[in-house]
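Participant: If you want the building blocks of each chain, they are given just below.
Protein chains: 2
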Amino acid sequence: MDTAVETTGTLAEDDLRRLDAYWRAANYLTVGQIYLLDNPLLREPLRPEHVKPRLLGHWGTSPGLNLLYAHLDRAIVGRDLDAIFVTGPGHGGPAIVANTWLEGTYSELYPSVGQDEAGMARLFRQFSFPGGIPSHVAPEVPGSIHEGGELGYSLMHAYGAAFDNPDLLVACVIGDGEAETGPLAASWLSNVFLNPARDGAVLPILHLNGYKIANPTVLDRLPIDDLRAMMHGYGYQPHVVDLVDPEDPTRGIDPDRAHRILAGTLDTALDEIADIQRRARGGGEVTRPRWPMIVLRSVKGWTGPHEVDGEPVEGTFHAHQVPIAEVRDNPEHLAALDRWLRSYRPEELFDATGAPQPLIAGLPPAGDRRMSANQHANGGTVLRDLVLPDFREYGVAVHEPGRTVVGPTAPTGEWLRDVIAANPDRFRLFGPDEVASNRLGAAFEVTDRAFVGQLRPGDDNLSPDGRVMEVLSEHLCQGWLEGYLLTGRHGVFTSYEAFIHIVDSMVNQHAKWLKTTRQIPWRRPVASLNYLLSSHVWRQDHNGFSHQDPGFIDHVMNKKAEVVRVYLPPDANTLLSTMDHCLRSRHYINVVVAGKQPAPNWLSMPDAIMHCRRGVGIWDWASTDAGEEPDVVLACAGDVPTLETLAAADLLRRRLPDLKVRVVNVVDLMRLQPESEHPHGLPDVEFDSIFTRDKPVIFAYHGYPWLIHRLTYRRRNHENLHVRGYKEEGTTTTPFDMVMLNDLDRFHLVIDVIERVPGLSVRAAHLRQEMFDARQACRDHTRRHGEDSPLVTEWKWAGAQGATPS
Amino acid sequence: MDTAVETTGTLAEDDLRRLDAYWRAANYLTVGQIYLLDNPLLREPLRPEHVKPRLLGHWGTSPGLNLLYAHLDRAIVGRDLDAIFVTGPGHGGPAIVANTWLEGTYSELYPSVGQDEAGMARLFRQFSFPGGIPSHVAPEVPGSIHEGGELGYSLMHAYGAAFDNPDLLVACVIGDGEAETGPLAASWLSNVFLNPARDGAVLPILHLNGYKIANPTVLDRLPIDDLRAMMHGYGYQPHVVDLVDPEDPTRGIDPDRAHRILAGTLDTALDEIADIQRRARGGGEVTRPRWPMIVLRSVKGWTGPHEVDGEPVEGTFHAHQVPIAEVRDNPEHLAALDRWLRSYRPEELFDATGAPQPLIAGLPPAGDRRMSANQHANGGTVLRDLVLPDFREYGVAVHEPGRTVVGPTAPTGEWLRDVIAANPDRFRLFGPDEVASNRLGAAFEVTDRAFVGQLRPGDDNLSPDGRVMEVLSEHLCQGWLEGYLLTGRHGVFTSYEAFIHIVDSMVNQHAKWLKTTRQIPWRRPVASLNYLLSSHVWRQDHNGFSHQDPGFIDHVMNKKAEVVRVYLPPDANTLLSTMDHCLRSRHYINVVVAGKQPAPNWLSMPDAIMHCRRGVGIWDWASTDAGEEPDVVLACAGDVPTLETLAAADLLRRRLPDLKVRVVNVVDLMRLQPESEHPHGLPDVEFDSIFTRDKPVIFAYHGYPWLIHRLTYRRRNHENLHVRGYKEEGTTTTPFDMVMLNDLDRFHLVIDVIERVPGLSVRAAHLRQEMFDARQACRDHTRRHGEDSPLVTEWKWAGAQGATPS
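So the sequence lines, in the order shown, correspond to chains A and B. In this text, residue positions in the first sequence follow the UniProt record's numbering: the first is 1, and each later residue adds one. In this text, residue positions in the second sequence follow the UniProt record's numbering: the first is 1, and each later residue adds one.
These are computed hints drawn from the structure, not numbers from a lab. Small disclaimer: the values here were computed from a predicted structure and weren't measured. Keep in mind that the hints are not guaranteed to be accurate.
Repeated chains share a single entry, so a pair holds when one copy, or any two copies, can fit it.
To be verified - As a list, the in silico EDC-like pairs of lysine to aspartate or glutamate whose alpha-carbon atoms are at most 16 Å apart: (1) K727 / D448; (2) K560 / D465; (3) K695 / E628; (4) K727 / D554; (5) K727 / E677; (6) K796 / D167; (7) K695 / D368; (8) K560 / D338.
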């Protein structure tokens with residue numbers, strides 16, 4: 001048994017008494033929440049009816065969390081720190097709630113849960129109780145930016161919170177279960193991206209609690225020297241605090257000694273942080289410091305029942321959740337709970353009214369210095385709007401549709417460059433090594449990629465001061481950005497469309513956070529989480545099948561309508577308008593998909609703005625229905641489908657000049673849904689006026705075709721809707737071969753029109769055959785020459801007989 | 001610059017010459033694939049028309065891969081090793097293809113690509129060419145079990161391959177870009193689960209190549225002592241091989257010296273592995289050894305052009321993909337390519353016919369010892385069927401529907417126990433610490449949880465020999481299982497439904513692998529990837545909103561119909577029948593969702609088998625339509641929706657006895673789709689005979705309701721389909737409150753019937769109000785008492801007027 005004790009320091013006797021009492025109070029309140037319906041101060045002997053019928057909650061991790069919270073409170077007061085607490089073992093909800101109640105914040109935000117006996121009774125009753133509060137560190141918990149239900153994201157959230165917050169300390173407790181996850185394992189090296197001069201500090205505290213639900217944790221069973229080496233390898237200075245009895249690994253050491261050791265170590269670590277920041281902020285070159293971190297080993301369920309029914313509990317995995325289970329039915333269990341609760345000596349902790357005794361109430365800091373009241377953890381309160389340059393000035397001149405060829409992302413890159421420059425303290429770009437590759441490289445005219453590691457000649461726009469966060473981990477990009485947003489800042493995540501699925505589950509959790517916090521009055525709206533997916537399915541022809549997947553849109557569409565938005569701007573100006581809208585929006589998840597490759601531009605800036613505002617619209621200039629009822633509607637969403645649709649419209653105009661074709665473009669996918677399903681939903685009468693009541697609609701869509709059906713199945717003309725999209729056919733090939741593989745190409749769209757418009761299949765049989773031949777010719781050309789046929793690459797929009805764009 | 005050289009060893013001059021020639025040949029073939037359409041042996045001066053019009057491929061990582069492949073070949077021959085090669089930097093497709101061609105395997109499997117000049121021309125032309133082969137190490141590449149398109153999974157695949165393969169060596173190259181991902185970071189500690197006596201060996205080779213697309217890699221810029229400490233902390237013995245010129249970090253050291261150093265280090269590492277295995281297999285206690293690993297530092301794009309147009313390329317990120325870009329248009333570039341290719345001295349490497357010279361052909365091992373021909377890497381060839389105990393013997397006795405109450409997973413747990421016992425060398429259970437919690441704990445009667453770390457008294461069924469793989473990382477569970485399956489074994493992954501989204505992107509990649517390999521004749525089918533999701537959305541009431549998400553089904557439904565299957569067995573016997581079917585199936589992804597909580601059983605084993613075989617069926621015994629056309633169809637899929645539907649049917653039978661209700665249960669979700677969309681799809685006529693042509697269908701579904709619409713929108717009666725399911729409303733509450741929050745409860749289903757069946761809304765207005773009152777009463781009870789009302793918990797199926805089950 002390794003019992004490394006690195007620092008004992010000195011702790012004033014007063015402080016010791018205060019810490020001990022506070023810790024006992026927090027533990028008492030934790031157990032009370034898990035078990036009690038009534039009799040909160042144990043003024044009478046515990047009876048079965050005082051106990052909840054359904055016992056829920058996680059005791060095992062809670063005493064360690066309470067200990068750390070108490071010690072951080074002491075340090076905050078002693079050093080006047082601006083600190084927040086990130087609870088990786090997020091199942092320890094009752095512990096964090098207990099601390100926020102002791103700090104008074106809970107009662108301020110939820111006045112019915114006052115700091116008195118009635119309030120304490122409510123505090124206990126509401127926990128994990130229907131109509132009450134969740135069992136984890138949920139958004140309802142003051143001071144939290146981190147729901148710990150799905151494990152793995154604490155440390156990346158902590159780093160995200162620290163970026164651009166030079167005076168902030170983020171204390172981050174990492175559970176040893178959570179530490180087994182991939183996202184957490186990748187997070188340690190976030191310190192390579194943290195600038196000690198400009199950013200705040202993260203203090204990781206790895207809590208070796210020993211067990212998960214049924215297993216030991218991997219990290220707890222590593223030789224302690226290996227664990228030290230690992231942390232050293234990650235660039236940290238590890239401080240090991242071992243509070244386990246060396247004689248009996250299921251028991252803690254004497255609490256007074258524990259307090260002295262932990263206080264001393266915490267002081268050392270905080271001194272080291274202060275030193276690092278002082279040195280880094282004295283001017284001169286910024287290099288990567290060796291930040292401190294703490295390894296805290298304590299027994300699971302410490303201070304809880306050591307045995308139940310003769311079976312060991314404290315210090316084993318049996319302490320994970322509810323250690324004594326049959327309290328209502330088994331008098332011995334009830335008595336054991338009574339003894340356990342009284343072991344904290346509640347009569348010393350709370351006064352006659354039920355309020356915490358002055359000794360305890362005096363531990364935490366006051367006002368906003370309380371970790372539960374820190375404004376950074378309610379990011380909307382410190383959110384400042386971005387200074388946004390006028391996006392219209394970055395637009396592409398479009399005098400005629402389709403004549404200028406500019407990749408959609410490049411102008412947006414120039415605009416983002418100026419957004420970065422205008423907001424040097426509150427906006428960052430995040431992405432896995434793809435900002436330049438996604439043609440957003442203009443950003444590097446004003447900033448660099450952040451990197452606090454070793455620099456070498458030839459490095460490209462790399463410096464500790466960079467505001468572009470590139471790391472080959474979508475998890476880190478997402479987690480850093482979430483932490484950054486939830487503490488009141490702004491950002492954009494740009495990535496390959498296929499690989500954004502890597503963070504599906506994180507998106508779920510963030511969407512849940514947004515949904516829940518909309519209903520919590522004291523939570524203020526934060527900036528939206530913006531995705532710009534530029535290397536999309538249709539232009540990953542060169543990278544092959546593994547890089548081809550448009551399903552992220554489907555994934556986010558399952559989340560609540562009130563928090564998700566999906567945009568498919570068809571060209572450069574619509575992308576600019578969309579991104580401006582997204583950066584102004586609050587509390588959404590905005591998914592924007594737009595290509596990076598050179599492509600024709602369709603709309604002038606005024607038209608683009610109008611089109612984006614409507615979200616869906618008829619493109620008169622591309623239509624041949626002259627404002628009348630058309631024979632067929634060609635609808636499209638996404639830049640590549642729009643190009644193919646216009647090419648099909650062009651073919652139809654030239655070859656079937658009397659066919660009345662209406663071209664409809666959809667930017668905002670949510671417009672397709674009924675009004676009842678989504679706030680952006682188009683009223684049925686408007687939908688019908690655009691898509692007609694009974695004419696064939698050939699819909700060329702960016703992603704999996706069934707999504708369009710899902711969104712429109714309640715619409716009147718759904719029967720006539722024929723959707724082309726990605727049907728999971730791909731490989732390494734050319735761009736046009738990709739659309740042909742999925743029958744989304746211009747020729748196939750013309751075939752679809754011929755097959756669906758009554759009478760055409762006979763009248764246009766020859767054209768239909770020509771289209772098949774054209775497909776074959778393109779395929780042959782590609783196989784022979786390895787590139788797309790000039791037949792398609794040299795096609796240009798030639799104008800339509802319809803109105804020209806205004 | 002750290003130039004640690006740990007081992008130089010001795011390398012016979014013959015071997016050196018052979019290695020050098022082989023490496024030059026592999027590099028030559030790599031460059032040829034990226035650039036050449038013709039003139040493969042450079043028999044004439046290079047002309048623009050010899051060069052591909054579109055240059056694709058990743059050069060930067062390739063020379064390092066070629067070097068490692070060559071040295072492993074030497075070691076395999078010298079030691080008669082049974083080895084496979086996992087290519088983490090999977091973009092290096094041309095490198096691995098080059099090696100498989102040199103080994104002869106490629107020509108054996110693809111006879112048109114022979115080992116001669118014509119074959120070499122085809123080899124070059126087909127690479128990244130339409131109709132040819134993908135640019136990555138795709139399934140088409142012999143010897144691969146790992147598509148490197150999406151980075152992060154190499155090391156977990158390697159460990160999965162090594163489990164239960166005691167004689168196998170898995171050499172796993174990890175790119176330093178990939179090493180930044182979470183999944184890879186978590187993989188290092190897989191060695192805590194690898195039993196040196198029973199399992200094979202993994203040799204991780206971390207390739208410090210220096211750069212990603214535009215950034216340096218994090219690991220390459222760490223101080224080398226930190227990197228050593230990190231690897232030591234992970235439990236490895238690191239061997240650093242630094243092949244970078246200490247004077248100029250953009251240049252490699254002399255190749256002869258490089259070969260000597262690498263050969264010596266590889267010998268040392270393989271000696272260590274042999275020692276470890278010898279010790280572990282001599283009997284006695286198995287403990288965690290310190291496995292060797294290699295850190296190989298080499299310059300990116302080594303042996304490629306050092307500068308292009310005066311800009312540095314070799315040893316910088318500019319070498320990542322195609323180092324010389326304008327070969328067809330720029331004569332200087334063309335000349336530079338010519339020089340580059342000739343620098344490998346092709347005339348020494350290939351004979352007059354284009355075949356590799358004997359010196360080169362003599363390096364690789366023969367037959368199945370070639371890594372490209374190793375049968376483990378084409379798992380279907382070594383796949384042995386499972387010995388499956390007769391699942392019917394594990395069934396629950398059901399004499400009357402709904403009378404026995406058994407959680408669905410428990411009997412399956414007993415069956416899985418015996419599957420484990422009967423297949424001690426080829427079946428494992430994988431899960432994040434949840435096998436017992438998912439009530440599959442019977443497994444521990446015959447095996448343990450695998451753990452090769454420190455054991456302590458009180459550990460629960462933990463040993464190095466365990467066949468249950470529990471680690472708190474869904475990524476590791478998935479990646480290990482994929483590696484295990486792709487090398488010809490079998491397994492089940494059990495997890496929480498919400499958190500299986502963590503591996504969404506991995507599932508995508510595995511589905512793509514399965515789809516692609518179905519079309520590759522020499523790839524043999526492997527066992528299916530089976531998910532058993534037992535802690536599902538409806539029974540995560542205690543864990544709260546973060547644990548409530550049924551969207552994984554939607555995610556897999558986007559993959560090709562030919563590879564995905566989704567089953568929702570309603571009770572214990574149907575789950576047994578389903579799991580038996582899944583374990584017998586091949587080359588699918590099977591998703592099975594079934595609860596673990598005690599619940600009524602509906603079908604006897606014979607009925608369950610019949611019902612599962614049909615996938616969907618009318619439950620006559622629960623219906624009151626007496627075989628006639630019903631007034632309404634109550635359809636259900638999923639165990640909780642089935643319970644609510646039967647309770648609703650019971651209410652309707654008692655309260656509206658003349659209403660003809662048909663109850664339909666769906667086990668196999670794919671049956672709902674049209675035949676044209678899925679091989680399991682029900683013909684329209686059968687669908688209509690079950691769901692009627694025009695009667696209201698109230699469909700109670702386990703997940704997001706719109707999936708049912710998506711599957712059925714082409715069905716005749718879709719207009720009358722009303723789906724209830726999870727609509728993203730959840731919190732910490734009781735089970736019945738969860739279904740009420742989402743309007744899936746029995747009372748609301750009755751209301752739906754009343755509102756949808758013509759005439760009922762007037763006739764049954766009173767019942768409708770009663771149902772609303774019942775909902776309110778349940779809600780009030782729950783808020784008051786913290787548990788569900790006896791009104792619902794004590795409900796039991798009382799039999800129907802319809803037929804009793806056979």
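Participant: Now tell me, hint by hint, if it's right for this structure.
Facilitator: Do the hints match the structure? See the list:
1. K727 / D448: This pair counts as neither: shortest intra-copy Cα distance 39 Å, inter-copy 43 Å.
2. K560 / D465: Close neither inside one copy (37 Å) nor across copies (46 Å); limit 16 Å.
3. K695 / E628: within (12 Å within a copy, 38 Å between copies)
4. K727 / D554: The answer is both: 13 Å in one copy and 15 Å across copies each meet 16 Å.
5. K727 / E677: Answer is between: at 11 Å across copies they meet the 16 Å cutoff, but 26 Å inside does not.
6. K796 / D167: neither (56 Å within a copy, 61 Å between copies)
7. K695 / D368: Classified as neither; 62 Å inside a copy, 61 Å across copies.
8. K560 / D338: Neither way: K560 and D338 sit 44 Å apart in one copy and 58 Å across, limit 16 Å.
Hint violations for this structure: numbers 1, 2, 6, 7, 8, all remaining hints satisfied.
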